[in-house]
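Asker: Residue-level listing of the chains:
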Amino acid sequence: MDLENLSREDVVQHSERWERVVRRLDARQMPPAKRKSRPTEGEYQSAINSLVATLDTAAAANLKPGRTETIRRLNRTEYQNAVRDLLALDIDATALLPADSASHGFDNVTVGTLSPTLLDRYISAAEKISRLAVGGVERAPGGDTIRIKPDITQEEQVEGLPFGTRGGALIPYNFPQNGEYEIQVRLTRDRNDEVEGLHESHELVVLLDKEQVQSFTVKPPRTGEGHQYVDAHLKFRLQAQAGPHQLGVTFLKNPSSVLETKRQPYLAHFNFHRHPRLSPAVYQVSITGPFEAKGPGNTPSREKIFTAQPKSPADEETCAKKIISNLLRHAWRRPITEEDAARLMAVYREERKEGAFDDGIQVASSAILVSREFLFRAEQEPDGLASGTPYKVSDVDLASRLSFFLWSSIPDEELLGLAERGELSKPDVLAKQTRRMLADERAQSLVSNFAGQWLHLRNLDSITPDGRLFPDFDDNLRQAMRQETEMLFSEILRGDKSILELLKTDHTWLNERLAKHYGVPHIYGTQFRRVALQPDEERGGLLRQASLLTVTSYATRTSPVIRGKWILENLIGTPPPPPLPNVPALDNGTVSESLPIRERLAAHRDKPACSGCHDFIDPPGFALENFDAIGRWRALEEGKPVDASGGLPDGSVFTGVSGLEVGLLKRPEIFVTTLTEKLLTFALGRGIEPNDGPALRQIVRNAKADNYRFSAIILGIVNSTPMRMRQTL
Amino acid sequence: MSTFTTRTAMPRRTFLRGVGATLALPLLDAMIPAMAAPAKGAAPVRRLAYLFMPMGADMPRWTPPGSGKLDELSFILSSLEPVKEHVSVITNLEVKNAYPGTHATSNAAFLSCARAKHTESNDYFLGTTVDQMAAQQIGRETQLPSLELAMDMMQTVGQCDNGYACVYQNNLSWSSPTTPLPAEAHPRLVFETLFGEGGSKADRQAALRKRASLLDFVKDDITRLNRQLGPMDREKVSHYLESVREVERRIQKAQAGVADNPLPDLDRPVGAPAAYADHARLMFDLQVLAFQGDITRISTFQLARETSNRTYPETGVSDPHHPLSHHGNDPEKIARMAKINRYHVSLFTQFLQKLRATPDGDGTLLDHTLLLYGSGMGNPNVHDHINLPILVAGGTVHGLKGGRHIRFEQPAPLANLHLTLLDKAGVRIEHFADSTGKVDGLFEPLSI
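Protein sequences, first through last, are from chains A and B. Here the first sequence is numbered in my numbering, starting from 286 and rising by one per residue. Here the second sequence is numbered in my numbering, starting from -12 and rising by one per residue.
Careful, some of the hints might be misleading.
Stated by the list, open to error - Okay, derived cross-link-like pairs now, DSBU-like style, lysine-lysine, Cα gap no bigger than 30 Å in a straight line:
1. B:Lys197 to A:Lys638
2. A:Lys495 to A:Lys607
3. A:Lys607 to B:Lys197
4. A:Lys638 to B:Lys56
Hints were generated in silico from the structure; no laboratory data involved.
Make a model of the complete structure from these sequences and hints.
Answerer: Structure representation (structure tokens):
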């Protein structure tokens, strides 16, 4: 390719193609590293600079902000958060709504559809949520059954429950009304129907908001008696006030439960055969009630909803209108007209004819929760613009863009108020609001929702390593792995640190379970804490974390291919194309399964059809071979020293994870651009296109001056053309 | 939401009105005979019910003497006397793919007749089970394609038996070779799956009316949106409106259902009864109700799990079942095990009686339901999978003729029987697992 004789017109005319070229040149993937003659670093720089200058100048003169779909449904996470913020009610949307499918790596992109089943579920959800929020009178008691995951080891204290207890669960529960509730506990049985680990007496205690409300003794059955009834007595009634509470069900730790064994005991205890429970465990907790209900009480939800209380029947209309208008404005994220309120008042009045004032409000709330302006985000488009014309999104739409980006939820009063007054788009106001929102508790959604998807942490729950090869794996470890990564991301977000620290840190976050997994001594208890690391220690940045190393492995072994692809996709931003349709699988009988994975992959890279991509994909993954399929460090594999020599698509070669980190940090803007691109995808709810290149580069350039602090990236995105503008179709 | 728990339902409200007890028993005994007369003239509904008994049986005490007409019943089958004319005993069926003999494969192969992949990890692989074959065809007509029930409150994971993953032992039903369907043992959760909140006819009608009016609001709301959009987005909106109309149809169907349905007032059971017999009867009652309300036409029910150490004090035997099944040919132990086998069959008998007492179409639920009862193991002492204890019942409208003992001279695949029952239920497939043909004798007039 002749870059020297390239005309400006060529570049501008085919900007989409040249944006792709810039990306490949940036990563030094073009020309391929195999080529004998490659450009010098200086030649690369000057080619990129000249291309970029042309592209950016052209883009500035002709803005192409892109176009997010007009109608987008809230996804399940956004729905859950919106209900929390609208009605002060914590719900578990996963129990109410189906999962959303992801595209471009995120589940807020393909959200245009509304199937009959989904609509049906929205209606059911709205009825349940509004009933719970208003605390209406029920025909008869209801209930919930909460089951604890079967692969949780319950031998140690659960975070949030008192010291000296072990196992069980701390269950956040919303009691619908003041009244009496029956609590019933069942214990985990092994495959033979016997309560597993019941060798001596144990004390089971139930706590409501940290206060002990009941205790039971669980005893092994007498000789000749079965286990059927050993947990039949674990039920009682308690008086509870309506609203959110924490119900704890746990055992007192028996002092004698020290394991005596000749072998190193496993850390996991949940399977009778592989690693039996040492003491009994909680299987499920059923909560039924209220019996003798004593009214809806004074809950956060009712406080939020009932902004007015009628003092006489004559007051009701005025109060209802005030309540409904307030809910509607927040639910619809915009100023409310008389006509809007009138539609919901009609719903209220119809119910009020038959029921009480509260019933009317409850049904109106249901209607709000199924209304399209709550369920869908539809951005207003100015009239009369020609096709492809860029325009600024309104302040009110910007408020939603901001809150769904940073909180995965609806705007709060302050944000909405500013938008309604037309002040939000003022640069200083916007910056101040962005910083306020980042500091808010709700920004935690960037960790759980954004990072969870970007880093594939969400997949961790569906990963179960082979029990024979990894007998120490249990859900406790799985959750600890997830938490380490979330805490690192959270630290960067909350401490406003450089995002490069995601790749390399001098400390990490551990609890006892994860520390044991890593072989880090002297860390005790279930609580996570910051742990400083020695320079030569094996832990630190993302690439050394068991969570990511596990989600990129198979159940039985590591996969340099999956790991390499993960790195290209999520850290370098040049995802490999999908495999060609007619390429045979690796293990089609021609490659012996007994060979080490490196040699098997080598046999495969010899095939010309495969090597084109696998020459890029496999080497970064090889550099992580010192970590096994659940992220433990290994110097040997099958008795042979691990070969962790790897490389990057830019042609650099190195050994091990340190080399990989140095390689990635050599030109940090590659990683920064990739993370920015992921954030922008998440913020806009659409795939990033080549035309977004200039905006991306500007964000990265500006953030560099601020040492790539997290807030600099976020502010850059908030101020970017694709975020502030949209173009007509 | 916490990461360590799975909330299995977010249900609300209902319970025996005015009753503070935690047992909702007897749930239905009093209600079933009092039901309204069913609508006549509709095409007969075909149903399938599969009942699994763990750990084989004492075959000498199971097998009735002779063959042909079922005259004298054996010790274990004695409770079937009042319903004998509806039941056939099939002797000498085998399930080869359950070998090498284990508990895990006995359960897994009972309805799949497939060989379980030997793994304890998530890469398990079995085969689509016969109930799911049926569900994929005739299950489409009902609210639930199928219903999976069990008696054990557990969901063990990892390895359960000789290196086999627990899913093989926990799940009878598989909707694909890699998709086990968990069975529910909690009566309340089963109830809610079937009937939602339940309630009286008026309650259910009122609930549906509320849904309908919410839906009207949605319809109006979406129609308004249409006015503000360009052509492409308008197309999207017209899809939304199609969804609205579909949900509308569903609600109308449900409203019509409540009006015509013979179901009694329904009260949600609160918890599982502590006693096995009460719990089992409740689960059977729920199946009767599910069939009666035509909420599903296919059910599977695991009466206990393989290797269960449950004791059955009702039988006068205090030994747990699994150790007793490894009787080492000790006559005393065998006799005690046979009592447990007989007890399980007696629960099946009660189920048949309830089905027979419930009018349906031109006859009873029993006439319109094909039932298979049995185990994937023959002699539990050696974990074999030949000469299985198998009963077939009901299904008069399918042409099934009861009251006989069909004895195969040579061992025949259990899959042949599965194929036969599928065929009679209107599910046409050529082969099932290792089937070699059909069990024609079941439907021929008795010629002795």
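Asker: If a hint holds in the structure, say so; if it doesn't, say that too.
Answerer: Against the structure, the hints:
1. B:Lys197 to A:Lys638: Judged against 30 Å, a Cα distance of about 14 Å means the pair holds.
2. A:Lys495 to A:Lys607: 38 Å, violated
3. A:Lys607 to B:Lys197: 24 Å, holds
4. A:Lys638 to B:Lys56: Violated - the C-alpha atoms of Lys56 of chain B and Lys638 of chain A are around 67 Å apart, more than 30 Å.
In the structure shown, a violation is registered for the earlier hints numbered 2 and 4, in ascending order.
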